[in-house]
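Just so you know, the protein sequences line up as chains P, S and G, in that order. Residue 1041 in the numbering used here sits at position 406 of the first sequence, with consecutive numbering throughout. Residue 112 in the numbering used here sits at position 35 of the second sequence, with consecutive numbering throughout. Residue 320 in the numbering used here sits at position 319 of the third sequence, with consecutive numbering throughout.
Wrong hints could be hidden among the right ones.
To be verified - DMTMM-like, lysine to aspartate or glutamate: derived pairs with alpha carbons at most 20 Å apart:
no. : chain 1 : residue 1 : chain 2 : residue 2
1   : G       : 120       : S       : 291
2   : P       : 1173      : P       : 1069
3   : P       : 928       : G       : 96
4   : P       : 843       : G       : 345
5   : G       : 294       : G       : 345
Derived from the structure by calculation, the hints contain no laboratory data.
One letter stands for each residue in the lines below.
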Amino acid sequence: MTPSTEQIVSKDIEDQAVQATGFEDHHGPAKGFSRWLYTTNHKDIGSMYLWFSLAMFMTGGCMALLVRLELFQPGLQFLEPEFFNQMTTMHGLIMVFGAVMPAFVGLANWMIPMMIGAPDMALPRLNNWSFWILPFAFSMMLMTLFMDGGGPNFGWTFYAPLSTTFAPPSVTFFIFAVHMMGISSIMGAINVIVTILNMRAPDMKMMKLPLFVWTWLITAFLLILVMPVLAGVVTMMLMDIHFGTSFFSAAGGGDPVLFQHIFWFFGHPEVYIMILPAFGIISEIIPTFSRKKLFGYSSMVYATSSIAFLSFIVWAHHMFTVGMPLAGELFFMFATMLIAVPTGVKVFNWVATMFRGSMTFETPMLFAIAFVVLFSIGGFSGLMLAIAPADYQYHDTYFVVAHFHYVLVPGSIFSIMAGVYYWLPKWTGNYYDEQMGKLHFWLSFIGINITFFPMHFVGLAGMPRRIPDYALQFADFNAISSVGAFIFGFSQLLFIYNVVCCIRKRNQASKQVWEGANGLEWTLPSPAPYHTFTTPPKVD
Amino acid sequence: MQTEYQKYYVPKQSYFPIVGSVALFCLAFGSGSILTATGGGADLGMMLLFVGVLLLLFIIISWFSTVAAESRQGLYSLQMDRSFRWGMGWFISSEVMFFAAFFGALFYIRVLAVPWLAGEGDKGVSHMLWEGFVNQWPLMTTPDPSLFKGPEKIVDPWHIPLLNTILLVTSSVTLTLAHRALKLNHRQWTSIWLALTVVLGITFLYFQVIEYHEAYTELGLTLASGVYGSTFFILTGFHGLHVTIGTLMLVCILVRVLEGEFSAEQHFGFEAVAWYWHFVDVVWVGLFIFVYIL
Amino acid sequence: MNLNFSAIKIISSIISKLIVIVFFAAPAAHADWQLNMREGVTEISRAVYGLHMIIFWVCVVIAIIVFGVMFWSVVYHRKSRGAKAQNFHESIYVEIAWTVIPIFILVGMAIPATTTLKKMYDSTESDIDIQVTGYQWKWRYQYLNEGIDFFSSLATPKEQIYNQAEKTSNYLLEVDNPLVIPLGKKIRFLITANDVIHSWWVPDFAVKKDAIPGFINESWAIAEVPGIYRGQCAELCGKDHGFMPIVVEVKSQVDYDAWVIEQQQAQIAKAKSAEKRWTLDDLMHSGKQIYAKNCAACHQSSGEGIAGAFPALKGSPIVQGDPNEHINIVLNGKPGTAMQAFAEQLSAAELAAVITYERNAWGDSVGDIISPRQIVKFQQ
Ligand code: HEA
Ligand code: HEA
Ligand code: CUA
Ligand SMILES: [Cu+2]
């Protein structure tokens, strides 16, 4: 797809409209803080999402460091158990809902309109609303830490009845915070879908869409289908806590396990919500730096769709030990194993893209390659978890913690960093410092493996998760993990420094930025002007 | 090929979103404070809740009137119209999933949980803990009646619920007739049919209130009467809430019709409300079958 | 709403402690460490271990192939080596191959997994039935036919946990009353919970089953080697989730039978202790220990509780008021809260002691004695 610079001639009825109404369309950014508060511009909103996500990543990361600090040695030295549980819980919640999801929405905001040749997101005011709900929701959630009885301490999966009858009073605020996040995600997802389906440049056929756009389209469907279910289940919790219902209490005829079914019906698609856009980013980056077209474009699209479909029928693999009937257990085991097939197709396609390419290894590519390897390792341990009889030994141990950090940290987080490095020159108009980027990569890569690889061992050896203190045989590996966590954590300072410098220092980037880059966004000047594609570009 | 492109309208800066977020925050924090109230928390909560509701109403009203005004000024292209359609469509899908969660809970409880507790099926050993508990639906005696006292009687589906079904189905028909009339530009008829729809909606709500009142005072059927009461009220309650919102929206478009808005060709505001109403209607049919009859 | 800045307090205390540990850290006591899953001592656990190893090696082989190709490309197809990009980007045959081959591998995995799973689900024809109930934060074992019923809680002293004493080798994995089972018999576990969800896990048996309040899950094991096997609660169950280990002693049939008789006699002796005459000092003395073991986890040894979660007993109107109300809440607990019924956990003498202790400790002495007889009377 090499879009020509000539654009479709448009009959400008807008001038008349401007005269008639005083509405003006060609404004640049407004001055001062109101630019951010009132904005309707997809790039502004994208930036706000990304900054917010970074703030949450730091918050959640510091909580993880507190957890690692306590686990550095056996015995209780820093945190009391009740506070430890709050840290684990908040870490999970903040990373999932505050760091990863908003970062992807931020990238979607920035890139989707530029990639499909749209003037903006389809519903710009709604877009801003989706964003601004988040800081309020998370402030409320963080405030619970200072309330009597402390904040959420029941794990990010908040199983009833620990999260209902036995929860601290602040759980009510937690529930409302989840409602708000849900509203935000649903509105955001509607916006993405409508933008992609309705705002493409006229010749941008569906099967020409960049893969980042495709994966986001499918992610948005997942969001719309599962966020309301999460809202439903927290509403039932609220009813059980305050209005005497008994959804999750056997004494009234309900079942605590019902909670888990509904939660994971949301929760499993949720983990794919955190990885599909990552697949998209990686599928953009690898071809660019291999200087070769993506291998198997259409099978990538089908694989993504199959993953999304399968994600709805595997939820109970989180509940193998909960005492399901045998038939259920078998069904969920088989369905879960199947997911390895489309995911494998993706991995093979990436490898085939690199094969016989002409590769260079700038920072985004380094992160992308690490993604392919480390995500696959996480996927392999996922597949092991899917073997139900073996899961009896893995479940709720650090083996699971190792699994999901491998898919989430060098998976989702690395892909986000890769994406930021990749598009940063387009956003700011400047190149970032490549040397420092590489240093950041290597430190992160080493740190991450030191942190999470030993968790496989302690998990298999029998260390349960969510415990503030452990038996002596787990001591060595925990100490190693903790050291790794601090290496990884502090090396993120380089990232922040690099991004800030890139925004401030002048180091003019070209239009194309990367030699092998392809797609509409690279036809725009760097930095991309405040308004782009007010008339659709021509695509061929 | 060169086509004429009507510019996509990107609104300029707007304070609605940020104020809307503040409103939601006040609403949430206020309700939270009331529910967990200790000491002065409840007063503060009430105040916040009040402020939140007012702000939210203000934002909804001004937001929608801005959209209507922009539409009147001809700022919206056909493409914009499609955006709204897709948007509304997907919003309704998300609502469907919201109800799906509650229906799912109902099926799980009826098909699995209650039989298990009563000693049937794969996890029937659980009966050891609840001797004497029997599987029945509606659940008149809960496993532990000292904690959750079951209802004494249940709602008879063939009285008020049947009536309500007829009311809502009819209202869907009248709304479709109103839409037809609007398309044929018979504005008189549009308002008449629309007004009738509103009346039907309000009547439905009136009967719903009566039914709840009876449930609490005469049937002993409450939120706290075990899982039958829980599922009954959460499903009918959220449905009722949606009917209320739907009715309010119908009133809004009725006013707009009376003010001469909506053309025979372009009347997305009208259609959006109609879709919503039909959705609420379909949910009711599901409720009638699974909550009341079966 | 009351704000309490415990978070800030904790953070400042962390900083001070960090300084201490960096400069004065003693190396942690060491024990053997292991890298892999335990093979265990039952047929099932060995089958599970086998499955684990097969799938592990399958993954390793696939990983070597895939990453091998990738790194080969990374090395040889780099621009700096003058590699020119080819422009193939599709091949239907290759794509079909790498869709179908993984499916076969997976089917190969699914078959043994299914067989093992089916075996795990067959808990019929058991020799001994034991009901296992999770409590916050201890386990209760009821032998359904032998009439044995006891609680099992963490035996590691607080001093070890708070680094004031050397940690011993079974740190956190030791209990006061282990579960005892005979060798080679099929034991059926009926697993449930009293308050929140727990999970009963003994790695050497490959048994992990969630304990769901109000429902019963079944599991079973036939231990083939005598010995002591240790596990932990595996489902987050609140504050002391990390402190409710499981210890199972597998004994020969003879030793087991002797143990059963011993237990049955002990149970009778316990019931008799209610008849003894107790002085305030006796009661306070044993009450203090019972309190530390059973109540301090929530209400804290200072009696001050944890604001927002567990009420303070010090200065509580119930503790200072009508003894009957006090007895009532301790014996029957309060359904729907973390306050459990202690009538079935403690003997009348123990209950009397702990209640007396509460009424007279922490400086707000009510001065009365609750005698075991009073408890017995209250129970009737
Ligand atoms: C981004 C998030 C993400 C992703 C992508 C995945 C991907 C997968 N996950 Fe994971 N998972 C989580 C996040 C994620 N998971 C989280 C957060 C939890 C814990 C939640 C909690 O309890 O707190 C969890 C827990 C979890 C469990 C429950 C464990 C337990 O609690 O006992 C299971 C069990 O089946 C599982 C399985 C899988 C599988 C099979 C995949 C598959 O999609 C992986 C597929 C990928 C591959 C297999 C690798 C590449 C493939 C090839 C190279 C092809 C050839 C391979 C073969 C044929 C073997 N996951
Ligand atoms: C996307 C999600 C995500 C991410 C990115 C992470 C990142 C990390 N997680 Fe995460 N984790 C979860 C999701 C995630 N986690 C979830 C869902 C759970 C389950 C929760 C539950 O059980 O309920 C969990 C649980 C969990 C546990 C288990 C806790 C327990 O069971 O008790 C541990 C323990 O080591 C841990 C560690 C870490 C570490 C060290 C990182 C590191 O990668 C973090 C590093 C990042 C930073 C440190 C911040 C950035 C740093 C700076 C900006 C520099 C400035 C910092 C300083 C000056 C300190 N996590
Ligand atoms: Cu009991 Cu964890
Ligand atoms: Cu999953």
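Taken at face value, is the distance from the CA of residue 345/G to the CA of residue 843/P at most 20 Å? violated (70 Å)
Pair hint outcome, residue 294/G versus residue 345/G [Cα-Cα no greater than 20 Å]: This hinted pair holds, its Cα atoms lying about 15 Å apart.
Given the hint that residue 120/G pairs with residue 291/S, does the C-alpha gap stay at or below 20 Å? violated (53 Å)
Taking only the CA atoms, is the gap from residue 1173/P to residue 1069/P under or equal to 20 Å? violated (33 Å)
Would you mind confirming whether the straight-line C-alpha gap from residue 928/P to residue 96/G stays at or under 20 Å? This hinted pair holds, its Cα atoms lying about 16 Å apart.
When each numbered hint is compared with the structure, violations occur for hints 1, 2 and 4.
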